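A.B. asks: Here is what each chain is made of, one letter per residue.
Protein chains: 2
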Amino acid sequence: MITNTRMLHFRDIRDPRNAAYYGHLTPLTAGKEIPFDIKRVYYIYGVDASAKRGFHSHRELEQVLICLGGSVRVHVKTPFEEEIVTLSKGDEGLYIGAYVWREMFDFSEHATLLVLASQDYDEQDYYRSYEAYLPDAIAYFSQKTEESNT
Amino acid sequence: MITNTRMLHFRDIRDPRNAAYYGHLTPLTAGKEIPFDIKRVYYIYGVDASAKRGFHSHRELEQVLICLGGSVRVHVKTPFEEEIVTLSKGDEGLYIGAYVWREMFDFSEHATLLVLASQDYDEQDYYRSYEAYLPDAIAYFSQKTEESNT
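Residue numbers (my numbering), protein chains in the order written: chain A, 1 to 150; chain P, 1001 to 1150.
Hints listed in this document are in silico derivations from the structure and should not be mistaken for laboratory results. Owing to the predicted nature of the structure, the values given are computational and were not obtained by experimental measurement. Don't be surprised by glycine CBs; every beta carbon is placed ideally from N, CA and C. Don't take every hint at face value.
Said to hold, decoys possible - Here are the simulated DSSO-like cross-link-like pairs (lysine-lysine), alpha carbons at most 30 Å apart as the crow flies: (1) A/Lys32 / P/Lys1052; (2) A/Lys89 / A/Lys32; (3) P/Lys1032 / P/Lys1089; (4) A/Lys32 / P/Lys1144; (5) P/Lys1089 / A/Lys52; (6) A/Lys77 / P/Lys1052; (7) A/Lys77 / P/Lys1144; (8) A/Lys89 / A/Lys39; (9) A/Lys144 / A/Lys32; (10) P/Lys1144 / A/Lys89; (11) P/Lys1077 / A/Lys77; (12) P/Lys1039 / P/Lys1077; (13) P/Lys1089 / P/Lys1077; (14) P/Lys1144 / P/Lys1077; (15) P/Lys1032 / A/Lys39; (16) A/Lys52 / A/Lys89; (17) P/Lys1077 / A/Lys52; (18) A/Lys32 / P/Lys1039; (19) A/Lys39 / P/Lys1089; (20) P/Lys1039 / P/Lys1089; (21) P/Lys1052 / P/Lys1039; (22) A/Lys52 / A/Lys39.
Said to hold, decoys possible - Which residues of chain A face chain P? A few of them, derived with a C-beta cut under 7 Å, are: (23) Tyr43; (24) Tyr126; (25) Tyr130; (26) Ala132.
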């Protein structure tokens, strides 16, 4: 996975006697499965298969993305790395930390993208233009690499 | 609505130029749309249409239930009142407070029941037997009624 992202694997609690009947339950606790306080939750649904959403990065906000009821692909990138992650299972989440640009696409029918966020909404924390993001992200990841090499 | 329950209405953010394309987004912030700190999130999915879940109450835990991708019905009751609530929209949630017994049923295909909870999991906070719940709930709601009458 690229810097400041990682896959999280959650529990999938099923009744061993009758899993198809009672279905699945996944619990996510702040500070345990989710590596931050859950200040905000949002969900995106009813997105056309050809639509793309996202196109932004955050200075500090951390998020976990989970796809329920279908699948979605997430393109995460920095000035130095990129990756496309497919989310399609309730027991896995994509952690995205600071200075990662994200674009979500290929929403399937019935897909809901659930996002847990570490902070309240703050427009000042957003980069909505890749041109504004790029030099700051280069500086951020260059310093991060330097620090990890010392 | 019965005591210690209420419907919450959330924002449904759509792009006014192209709602069918970009879909819907609902944000839920702890202390704003959600009347408590969000300590835990869980979701239930893949439940058979004929299955019932729930069958418990809590001493203190508060929850908000939201149905994504389909519909579900929730039977909430106390020793003195009961109601059946249908959840089918991303912009509405059912708040359930202390000492309310709940049973969820009629899960539709593709339905995910998302639950936001005010506390970490604590088995001591559960009533899992209606027989154990009943006398304590009678005492709780009797005192609550008395307090609201004075």
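A.B. asks: Any hints from earlier that this structure breaks? Give me their numbers in increasing order, please.
C.D. replies: Those not satisfied are hints 4, 6, 7, 10, 11, 17, 24, 25 and 26.
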